[in-house]
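Student: Next come the chains, spelled out residue by residue.
There are 2 protein chains.
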Amino acid sequence: MSTFPSDIEIAQNATMSHIKDIAKKINISEDDLEYYGKYKAKLPLHLQQENPKGKLILVSAMSPTKYGEGKTTMSIGLTDGLNYIGKKAIAVLREPSLGPVFGLKGGAAGGGYVQVLPMEDINLHFTGDFSAIEKANNLLSAVIDNNLQNTKYSLNLDPKSIAWKRVMDMNDRSLRQIIIGVGAKANGTMREDGFNITPASEVMAILCLAKDLEDLKFRLGNIFVGKTLDGKAIFARDLNVVGAMATLLKDAIKPNLVQTIDGNPAILHGGPFASIAQGTNTAIATKMGLSLGDYVVTEAGFGADLGAEKFLHIKCEQSGLKPDAVVLVATIRAIKHHAGLAAEDFKTENVSAIEKGFCNLEKHIENMQQFGLNPVVCINAFPDDTQAEYDKLKELCVTKGVTAIVSTAFVYGGKGSAAVAEKVIAEIEKGTANYKPLYQPTDNIEHKINVVAKTIYGANSVEFSPKSKAQLKMINDLGFSHFSVCMAKTPASFSDNEKLIGRPTNFDITVREFEIASGAGFIVPLLGEVMRMPGLPAVPNAERIDIDNEGRIKGLS
Amino acid sequence: MSTFPSDIEIAQNATMSHIKDIAKKINISEDDLEYYGKYKAKLPLHLQQENPKGKLILVSAMSPTKYGEGKTTMSIGLTDGLNYIGKKAIAVLREPSLGPVFGLKGGAAGGGYVQVLPMEDINLHFTGDFSAIEKANNLLSAVIDNNLQNTKYSLNLDPKSIAWKRVMDMNDRSLRQIIIGVGAKANGTMREDGFNITPASEVMAILCLAKDLEDLKFRLGNIFVGKTLDGKAIFARDLNVVGAMATLLKDAIKPNLVQTIDGNPAILHGGPFASIAQGTNTAIATKMGLSLGDYVVTEAGFGADLGAEKFLHIKCEQSGLKPDAVVLVATIRAIKHHAGLAAEDFKTENVSAIEKGFCNLEKHIENMQQFGLNPVVCINAFPDDTQAEYDKLKELCVTKGVTAIVSTAFVYGGKGSAAVAEKVIAEIEKGTANYKPLYQPTDNIEHKINVVAKTIYGANSVEFSPKSKAQLKMINDLGFSHFSVCMAKTPASFSDNEKLIGRPTNFDITVREFEIASGAGFIVPLLGEVMRMPGLPAVPNAERIDIDNEGRIKGLS
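First to last, the sequence lines map onto chains S and B.
Going left to right, the first sequence walks through residues 1 to 557 as the working numbering numbers them.
Going left to right, the second sequence walks through residues 1 to 557 as the working numbering numbers them.
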């Protein structure tokens with residue numbers, strides 16, 4: 001397997017169909033396509049039905065290692081697998097964020113023979129959605145600071161109260177905490193600010209949750225900006241900037257159609273970073289997929305403690321969607337990682353490590369069952385895995401009442417996920433999925449955090465820092481206690497401490513501070529030391545990326 | 001004229017042709033088009049010939065009022081006028097910057113019946129070029145700060161020496177001067193930084209001056225970043241980030257094809273803000289236009305003291321282009337402004353004000369003649385202008401040896417510029433244009449600044465602030481004295497003081513500081529109080545922009 005080609009080599013050697021031919025497969029007329037080159041197109045909102053008939057398959061995962069366990073890869077593989085066995089399935093996935101492409105992780109367009117194409121475009125600017133979100137977010141920031149500067153039309157905003165941050169789609173640690181407005185009076189009011197990464201923008205969450213343009217504007221208007229010097233809450237609508245923000249999003253609200261290597265339709269739209277954001281693709285794209293196909297495969301990022309929990313408690317609750325099946329992606333290497341093995345030992349057969357590390361996957365399985373959803377486990381095969389390890393893992397899954405199936409889609413495309421596809425169809429046909437939320441809107445914020453921390457993470461208790469306590473009081477005073485919670489936490493552990501691998505017990509969760517997302521309808525508790533702006537590693541992937549004089553790119557993965 | 005429709009109303013009621021039909025007019029095959037929707041397309045670099053045969057017409061202007069005098073409008077009008085009289089002409093123009101769309105100025109896609117379409121898209125994200133430039137610029141910033149943070153692979157950069165700023169395409173005064181890296185050690189090294197507006201990025205200048213992808217990479221590598229603690233100069237190439245930056249620009253390097261309301265081809269690509277940047281469209285787009293059409297109408301922003309001077313001294317010198325004709329746009333209102341009249345008096349006939357305010361246009365005419373180029377004056381007609389005012393202005397132009405012609409293209413489209421077009425063709429056929437630069441590469445930076453300040457602006461002398469003197473020494477020590485100068489100055493006056501209207505005399509120019517653009521091949525002297533990041537006005541245009549539930553936009557202009 002040492003000569004197995006790289007993701008970008010496979011992608012560049014794949015033959016793409018014109019996107020109009022992909023669209024034809026799901027009965028989209030050419031006239032409805034807004035082309036971005038020959039292989040990408042935006043889709044009009046009218047393709048979204050109110051109550052679509054398709055079945056929804058949610059793909060999540062066990063707690064991943066820092067390299068990721070191939071959740072996007074397995075989602076694409078499952079879509080191709082479903083099509084391989086004759087089903088009309090569409091992958092409805094998130095768009096990659098540009099920041100991590102230059103950092104450690106690389107791109108997020110699948111891998112091996114299960115990728116979405118054109119992978120270079122998808123991993124770079126794609127159709128400009130993230131840039132539009134960034135601009136809408138930062139226009140609000142500019143208008144806020146302009147209002148502080150402006151004596152004539154001043155809203156009397158208290159600079160210390162401003163809760164709205166700027167964003168940039170770049171892993172740039174130096175912008176996490178900054179002082180703006182330094183120098184001359186013409187340079188604005190000096191105050192502390194910071195940049196989050198663009199997927200963490202509330203504008204991204206609003207785009208992902210909005211039903212249509214009208215709802216988008218309503219939600220943008222509800223963004224909490226800060227308070228006046230005499231304590232009155234100020235929202236984006238008070239700054240008369242909602243129309244301009246929505247105008248910036250006029251194209252970003254339309255889902256993007258691309259194709260898998262197998263030539264199946266994939267809709268990519270909105271929302272990565274389930275660790276620090278709501279992290280699912282747009283509700284519009286999911287409903288559109290369910291309107292155009294019989295099966296939609298969608299994805300919720302990182303482990304199911306983050307991605308699936310938010311998919312269920314935030315996206316399903318707000319949009320009325322319910323999954324008909326859930327898939328949890330696991331890998332032998334991640335199981336070994338949670339058994340405490342070092343990366344250099346992942347390639348050696350170790351059945352007892354499977355037994356030891358299973359506890360992590362086990363907790364994710366139990367969590368899905370608590371939501372009324374019995375998952376299928378999909379094992380993403382790696383070259384050094386052994387049959388004995390697979391057998392042990394399958395056996396352990398059976399003890400939890402679930403079936404584990406190996407997928408070789410990375411190497412064989414959709415065919416390699418045919419067995420997973422058959423099993424998922426069988427689960428859907430059983431019709432036993434019965435999603436129920438673990439908390440209600442009427443529960444207060446503190447209670448909601450406790451439910452997620454104790455029931456999903458397995459924590460003993462939740463501690464609130466002095467800062468977060470003061471913020472919690474303000475959140476309640478503002479009348480925001482009916483909102484959901486969108487936890488920001490390390491994806492490496494069930495706890496807020498990335499070193500606690502496996503299935504930690506006897507730990508507490510610390511709420512460090514809150515961010516408010518009143519347009520999106522949730523509150524973001526920041527747990528432990530989590531950051532909403534990543535940094536670059538010592539040798540960033542940017543150093544490996546290059547383009548030759550003919551425009552051929554290398555180093556994306 | 002009070003019921004004359006707004007720019008956006010005219011644009012929305014215009015019937016657009018599919019862009020493939022526009023392409024057909026200049027013999028571009030459909031296969032060469034990379035569509036962005038039905039009405040925009042990117043063009044491949046192979047359409048650019050090495051020594052194209054087309055004739056180049058440069059449109060510049062007298063010193064504008066803050067509303068602009070319709071230079072883009074007249075450039076589009078002249079293109080339509082040339083086509084109207086049977087010539088094969090292409091407008092090759094700059095893309096608008098997003099920042100001013102939300103500020104005072106609004107968009108920059110022409111006006112009335114001489115606009116480029118689709119104006120909403122062109123004024124918003126268009127095909128993503130500015131966003132790509134912004135990301136390439138800010139990736140370098142993130143990598144610089146990551147290197148400061150990084151002990152293992154440190155280049156030993158002196159944080160105080162870093163000359164590279166971040167950029168954002170937003171009028172955001174609060175980001176002009178900032179402190180980054182505040183807080184925990186993980187948040188990076190604390191240092192002063194600032195954001196320029198994206199068109200002021202050196203990456204934009206590099207894109208505008210590059211011949212091809214290879215030259216783009218070479219220039220990106222030559223970007224001066226700062227110095228090590230022991231005084232060694234560090235360039236972008238030393239940070240191994242050039243390939244990734246160029247990869248981000250893979251689509252931005254391709255010119256964009258759109259159409260005028262009259263249905264003529266227009267190529268928009270790169271470069272506004274001639275006040276603070278080089279401010280012309282890309283050399284690639286200009287050469288491509290000259291390869292595809294018999295006449296190219298291009299534009300150099302603000303007054304000719306800024307736009308045309310830089311077009312000639314920077315773009316022509318680096319690319320080998322030479323204009324075959326020059327047009328200076330004037331308006332009766334701008335002449336009255338330079339006579340000292342207040343805006344409320346612009347609408348009253350005032351022939352003696354024309355006589356008084358002519359001095360501004362006169363100096364621009366003389367400047368073009370100094371370059372060996374005798375301009376045609378194009379008077380952009382406004383509803384309240386009178387024939388007596390036109391007659392006086394024409395008479396004054398004759399005394400300078402030039403012809404002034406009124407254009408009514410704003411109201412009548414290309415037909416309204418037919419007379420201007422005829423005159424420009426006559427000038428080209430005379431063949432007397434004989435461009436010569438006013439300074440040579442071998443002159444030092446101080447000399448070059450003096451030449452522009454004295455010969456073009458009419459200044460008595462140039463003063464250098466203590467900061468700029470120290471920087472000048474560094475520039476010479478770095479071996480950068482052969483570079484051009486790209487002056488950053490208010491466009492409101494020939495001087496660096498926006499209050500000195502007309503044709504000021506007896507004034508000095510102050511160089512406050514320098515920015516270095518060694519990849520672009522120029523040094524930016526910042527004159528007076530000029531800022532490279534604009535602010536928003538008290539009531540920004542953002543407040544007037546809206547989109548309805550069907551996606552129809554209003555408030556762009």
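Check the hints yourself; a few may be wrong.
One copy or two, either will do: identical chains are not told apart, so a pair holds if it fits within one copy or between any two.
Stated by the list, open to error - 25 Å max Cα-Cα, derived DMTMM-like pairs, lysine to aspartate or glutamate: (1) Lys322 to Glu344; (2) Lys554 to Asp215; (3) Lys152 to Glu543; (4) Lys211 to Glu34; (5) Lys469 to Asp548; (6) Lys20 to Asp294; (7) Lys400 to Glu389; (8) Lys554 to Asp158; (9) Lys20 to Glu30; (10) Lys227 to Glu395; (11) Lys38 to Asp508; (12) Lys322 to Asp212; (13) Lys394 to Asp443; (14) Lys20 to Glu34; (15) Lys430 to Asp385; (16) Lys400 to Asp477; (17) Lys24 to Glu214; (18) Lys250 to Asp121; (19) Lys185 to Asp391; (20) Lys24 to Glu395; (21) Lys38 to Asp477; (22) Lys38 to Asp21; (23) Lys423 to Asp32; (24) Lys38 to Asp384; (25) Lys152 to Glu498.
Don't read these hints as lab results, they were simulated from the structure.
Predicted, not measured: the structure shown is a model, and the values here were computed from it.
Student: Determine which of the earlier numbered hints do not hold for this structure and return their numbers in increasing order.
Tutor: Hints 1, 5, 8, 10, 11, 13, 15, 16, 17, 19, 20, 21, 23, 24 are the ones this structure does not satisfy, whereas the remaining hints hold.
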